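There are 4 protein chains.
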Amino acid sequence: MQHFDSDYMEGAHPRIMRRLLETNMEKTPGYGLDGYCEEAKAKIRRACGSPDAEVYFMVGGTQTNSTVIDALLRNYEGVIAADTGHISVHEAGAIESCGHKVLALPGRDGKIAADDAEHYIATFLKDGNREHMVAPGMVYISHPTEYGTLYTRSELEALSGVCRRYGIPLYLDGARLGYGLAAMGTDVTLETIAAACDAFYIGGTKVGALFGEAVVTRRGLIPHFFTIIKQHGALLAKGRLLGIQFDELFTDDLYTEISRHAIKMAEKLRVAFAERGYRFHIQSPTNQIFIILDNEKMAELAKNVSFSFWETADENHTVVRIATSWATREEDVDALIEML
Amino acid sequence: MQHFDSDYMEGAHPRIMRRLLETNMEKTPGYGLDGYCEEAKAKIRRACGSPDAEVYFMVGGTQTNSTVIDALLRNYEGVIAADTGHISVHEAGAIESCGHKVLALPGRDGKIAADDAEHYIATFLKDGNREHMVAPGMVYISHPTEYGTLYTRSELEALSGVCRRYGIPLYLDGARLGYGLAAMGTDVTLETIAAACDAFYIGGTKVGALFGEAVVTRRGLIPHFFTIIKQHGALLAKGRLLGIQFDELFTDDLYTEISRHAIKMAEKLRVAFAERGYRFHIQSPTNQIFIILDNEKMAELAKNVSFSFWETADENHTVVRIATSWATREEDVDALIEML
Amino acid sequence: MQHFDSDYMEGAHPRIMRRLLETNMEKTPGYGLDGYCEEAKAKIRRACGSPDAEVYFMVGGTQTNSTVIDALLRNYEGVIAADTGHISVHEAGAIESCGHKVLALPGRDGKIAADDAEHYIATFLKDGNREHMVAPGMVYISHPTEYGTLYTRSELEALSGVCRRYGIPLYLDGARLGYGLAAMGTDVTLETIAAACDAFYIGGTKVGALFGEAVVTRRGLIPHFFTIIKQHGALLAKGRLLGIQFDELFTDDLYTEISRHAIKMAEKLRVAFAERGYRFHIQSPTNQIFIILDNEKMAELAKNVSFSFWETADENHTVVRIATSWATREEDVDALIEML
Amino acid sequence: MQHFDSDYMEGAHPRIMRRLLETNMEKTPGYGLDGYCEEAKAKIRRACGSPDAEVYFMVGGTQTNSTVIDALLRNYEGVIAADTGHISVHEAGAIESCGHKVLALPGRDGKIAADDAEHYIATFLKDGNREHMVAPGMVYISHPTEYGTLYTRSELEALSGVCRRYGIPLYLDGARLGYGLAAMGTDVTLETIAAACDAFYIGGTKVGALFGEAVVTRRGLIPHFFTIIKQHGALLAKGRLLGIQFDELFTDDLYTEISRHAIKMAEKLRVAFAERGYRFHIQSPTNQIFIILDNEKMAELAKNVSFSFWETADENHTVVRIATSWATREEDVDALIEML
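Residue numbers (our numbering), protein chains in the order written: chain A, 602 to 941; chain B, 602 to 941; chain C, 602 to 941; chain D, 602 to 941.
Because the hints were derived from the structure by calculation, they are not lab data. Be a bit skeptical, because a hint or two may be false.
Where chains are identical, the list cannot tell them apart; a pair therefore holds if satisfied intra-copy or between any two copies.
[As the list claims (entries may be wrong)] Derived lysine to any residue pairs resembling SDA-like cross-links, with alpha carbons at most 25 angstroms apart:
{"#": "1", "residue 1": "Lys727", "residue 2": "Asp684"}
{"#": "2", "residue 1": "Lys904", "residue 2": "Asn730"}
{"#": "3", "residue 1": "Lys628", "residue 2": "Met618"}
{"#": "4", "residue 1": "Lys904", "residue 2": "Thr753"}
{"#": "5", "residue 1": "Lys865", "residue 2": "Tyr767"}
Everything numeric in this text was worked out from a predicted model, so none of it was measured.
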């Protein structure tokens, strides 16, 4: 049985496991006040080309999104997001449970167009009833998106421009950031993102770590963030576990290297699918592949390979997702190709 | 200058003012524990044909919606509403500020079709990721809707059937309920609504009262609602003010009578608009009229009559709303017709 | 039967009722954007000696407290209050339902001593674990307190000094403010309060109005307060009802005059109680009188007069509260004295 | 330098690290739907003598407390806790941020006496104003408490009896549960706790795990808990990491064994402190020792050993906390004793 369900089926990259083991019996202060966290933050700042950025570590994506968004918004503000955005659909109402409305814009293959965001904000500002409405207080995007699509550098900069023009922060959910940065053809780098966004997070959980997301913000963006993190139940007691993992991920470019591997594996699969005439639901250059299968073929494949149900295409067809990751072995990719 | 901006521009019906004056120096216990509230509740139960219903009074619409909805939902649940619904757009995020997502369905002239609701719920229940999503925990509709449209009896019963099949309450926002019940051609009565809905409110603020909304629920639907109302800042100290007003509104059918007057005035206007070739944005049989004006005509009219901006139709045209009410004088209607 | 249960048993002062009646059929815009509200705000600013103050109207006390406090605090902050404060005990958790902790200090007859507040804040700031704790973000006091006690001018100024030293707002709940200002021996005026507090409210519900509280804040203290009020369900559609009432209360000093009457009535009762050897639970110079009754006497009195149970003193004695108000008739006071 | 600051300074017990390493490259479904979690749950049920119990895993203590408490309470309810309880003081207002009041009772060395809880609830139920107050909806205790004290079996059963009499759940925070169960002289076992409490958690973070808390509840106590956990940002993507750790902790009684070691180390220190005439701030039979040091001695010790500041005793004395753990080496204990 081959497993291509998702990019968080294994533990951590062996180098991370080794570091965790090596440091296991050291004694450090809790809550991220240790040297490993400091070191990891320094490396992340360097990788972002942002010597002034602030870096925080949290455990998971939903937690990170709701903590950052709740920290950035005032009570009367909401967050603009694509209607397909993770916070719009698949976080069980975490944003609303903090009191904030998700202002959903129709996504374009999972992305928000700068023009759409600007139009929404400008329309709001001209609405005679705007004081009875939720003010757009920030923009949330994911990169890669939930559909594996990527912003171009100019799209990102356009969105950033809109946000700055209206004085609201741009926040990027980078749960799969590594795979986006390693995708072929992208002109977006970590520096691009750090320059365009007021806050973003570098996903660890899906890119080599046991768990962990590194939030990067403009200096001073969120006063008292430590306490806010604690209040959200998002402060890890043994915070160094996050520091050690990100320290390793940002040593000798491991984060990039393992992301590239996942992309290479995905490319091999994409080519194989295309050659065999499979239809793609959406073109994604990342580690996610969305294919439309007829239901019989799907049932047959499912005997030997597991993947994610994505959505119903029509009565006889289904969209499924195949995901590679830092851990995908080429022999498993080849085995899957055999079955097609 | 004529004013047709909204249906809450005056104070209260003279009969209500007289009752408030007559009772002004009486001493009663606070918080709605007085005899006037009891009497009003009894009359409302009778009017609803629901001897077992529970009745509560609150001051305003947003307050009522957010208190009832927060009371009905568990934390992991959201409320289905039309995307044009008052709670979706014009309550400043009150529902989200209580922690709940508004699950917006594309409205059909402001209404939710039973099929759309059923499809949404059924799709949710079949979604493999539903445990990561906000569960639909109730349905919110308004009657009349924000566009002045009305459900038919069978539409209401179909929605009610869907809700019962899935075990979630149906709640109706009746901010302008009187005008809906008095509209020509409707087959919906207060009894229909009481039978179809688990909870609804009879709007007083826009239909003759100084302020006040009467919430009617199935017996036992919301335990500890008194405390929940208090927690939401929605418990009026001198609760009898609500009781007295609703007692009067439900004495000798005053609520119906004054609602009919508003409809009669609106009909007269509708006929006049139609005869003069004005285009309607939407057909509403209630006290609200939505007309498409060319911008020059709008500017000219605006010199002598005030109305509500509704939305931009195109570069040269605007949708405006003209509202009558229990207080609209026929001479003012005639004066407006003169100007057309 | 005589009723001395509370100070909100009647409707409104006859002058207010007359104004409501006179203006009843006028048409004005909603939500407090009318001329009466403007006029009332101007008069309140003048009475406060604060030409720059901002004034907002809400309907009731719990609503006002939770809306103001939620608007003033950031999510990681709590509000310091006396353990006997209204928000600490009798608002059904309204503050917590907005996400904020009430940081209860042991009250001194219902008051917070400046030293206690300073000690609390200073201790917090020195606590090595303070980042894991709720930061004191404002101070809430009531004047008169729930026990009918009053701050002196110097006590108020001392508290104000503490708040300014630590950069947090001081907010005063004036549900019964008129009765505090009219009390004998007080050196606190409306100007004193406006100078000492960053925000406070002038209670109308218990002092002559049908309902209504006027919030006064330093200019610019709460951006977007209109929307916040709406979100809290606290925006009255026919906002002019609040404007008209406060306009009348601040015309020819009506607010002061009717407050003085209540105090005069309370004084007469206090003297009568004292002369007859009744014991006072607490010395209050306001419209509230707290007496310790033996339970037999209480049962006997209760046949002819209603009052509030306050608390159990011991097995055989009970503390009860007798309240006068702007509406108390001297003949009823005399009748009560007869019974003692 | 010796470190006795806390019981979460190291990573995980070597047996846990080995299991994590062995299983690292296995592929499993996420979110705790894997076989390791199933196995761990079965072992925990057995250890609790509760074949019907439900078991859930979360990452940290504050997260667990706020998720469980928010799930158990209705909006109008609060949680009774000792004023020194972790949720009362050191969780940054996490409970309030979910909308609930912590109803703080004066603790008795960190514990709540059954009589105090009963008195609080009974007083509430008799209070004429109770509908304006926060209803006690559950009881929170910690065992060991924040002061290292322990409930006896009969104290626990008495509290449990009170809760059952009033129909509210009893919830126990077992962040350091292992150290409580291993303490000398205790008559409380895991079975006792499972029988007395409706919900509790077995702390892993401080007792051998990298992180993780296992929540045990009566079957059916919290419907839809998976979604609630997700909404709180508390659902770990690679849920098996929790399953593997707890599986190992409950294999061959590892949890008990390593807890006993911590207690043995603490006992050795306690005897040494006592013999040298040190004063104890509180008698704790667990892994925490609270000693009163004069400030000079403290400064001297601090050169070679780190410990926690607890509180100021008086001008010249300070209470400090010394904590042992599963990882404490006897040679370090001896080294500390040398310094005394």
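Hints, verified against the model:
Both within a single protomer and between protomers do Lys727 and Asp684 lie at most 25 angstroms apart by alpha-carbon distance, with minima of 23 angstroms and 20 angstroms respectively. Taking the shortest alpha-carbon separations for Lys904 and Asn730, only the inter-copy value of 21 angstroms comes in at or below 25 angstroms, while the best intra-copy value is 56 angstroms. Proximity of Lys628 and Met618 under a CA criterion of 25 angstroms is satisfied in both settings, with 18 angstroms inside one chain copy and 16 angstroms between copies. In this assembly of identical chains, Lys904 and Thr753 lie within 25 angstroms of each other by CA distance neither inside one copy nor across copies; the values are 38 angstroms within and 50 angstroms between.
Taking the shortest Cα distances, Lys865 and Tyr767 never come within 25 angstroms of each other, neither inside one copy (40 angstroms) nor across copies (47 angstroms).
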